[in-house]
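J.: Sequence:
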Amino acid sequence: MVHCGFYDKGIYESHVNFFVVALDFKAAKAKAKELPEYIDKKMHVDGIEEVTAVDGFYLNLVEDEALDGASIIKGHR
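Using the working numbering, you'd call the opening residue of the sequence shown number 1 and step up by one each time.
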């Protein structure tokens, strides 16, 4: 997870988290800096965390070439 900060008019500083897949922290930072939203809002990286387990479950990422690099995000309100 790459934690990024940016300044919007009238707000001191806002933050957003980007989840990226990378081999190391340096590659994760570089990948985040390529995102259109990062570039458009002139963001900066405040921190990076590697998430390996959540609530007692290890995360296991499996590449699926059929996704062609796409992300799938499911939301609920």
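The hints are simulated quantities; they were obtained by calculation from the structure and are not laboratory data.
Do not rely on the hints blindly, as some may be mistaken.
Claimed, not checked - Only pairs whose alpha carbons sit at most 30 Å apart, straight line, appear in this in silico DSS-like list of lysine-lysine:
1) K9 with K33
2) K29 with K42
3) K74 with K42
4) K33 with K74
5) K31 with K74
6) K9 with K29
7) K31 with K42
Unchecked claim - Now the in silico label distances, taken between C-beta atoms and shown as ranges:
8) G47 with G75: 18 to 28 Å
9) H44 with G10: 13 to 23 Å
10) N60 with D8: 13 to 23 Å
11) K9 with A66: 12 to 22 Å
Given the structure is predicted, the values throughout are model-derived calculations rather than measurements.
Ideal Cβ positions, reconstructed from N, Cα and C, are used throughout, including at glycine.
J.: For every hint, state whether the structure bears it out.
T.: These are the hints, each one checked on the structure:
1. Between the alpha carbons of K9 and K33 the distance comes to roughly 21 Å, so the proposed pair stays at or under 30 Å and holds.
2. Between K29 and K42 the alpha-carbon distance is near 14 Å, which keeps this suggested pair within the 30 Å criterion.
3. Under the criterion of a C-alpha separation no larger than 30 Å, the hint pairing K74 with K42 is consistent with the structure, at around 27 Å.
4. Our distance criterion of 30 Å between C-alpha atoms is met by K33 and K74, whose separation comes to about 24 Å.
5. For a cut-off of 30 Å, the pair hint linking K31 to K74 stands: about 22 Å separates their Cα positions.
6. Between K9 and K29 the CA atoms are separated by roughly 25 Å; this keeps the pair inside 30 Å, and the hint holds.
7. Distance check on the hinted pair: K31 and K42 sit about 15 Å apart at the alpha-carbon level, within 30 Å; holds.
8. Distance hint check: the CB atoms of G47 and G75 are about 24 Å apart, consistent with the given range 18 to 28 Å.
9. Against the hinted window of 13 to 23 Å, the Cβ-Cβ separation of H44 and G10 comes to about 19 Å, which satisfies the hint.
10. Checking the proposed 13 to 23 Å range against N60 and D8 shows it is violated: the Cβ atoms sit about 37 Å from each other.
11. Hint check: K9 to A66, Cβ distance near 42 Å, so the stated range 12 to 22 Å is violated.
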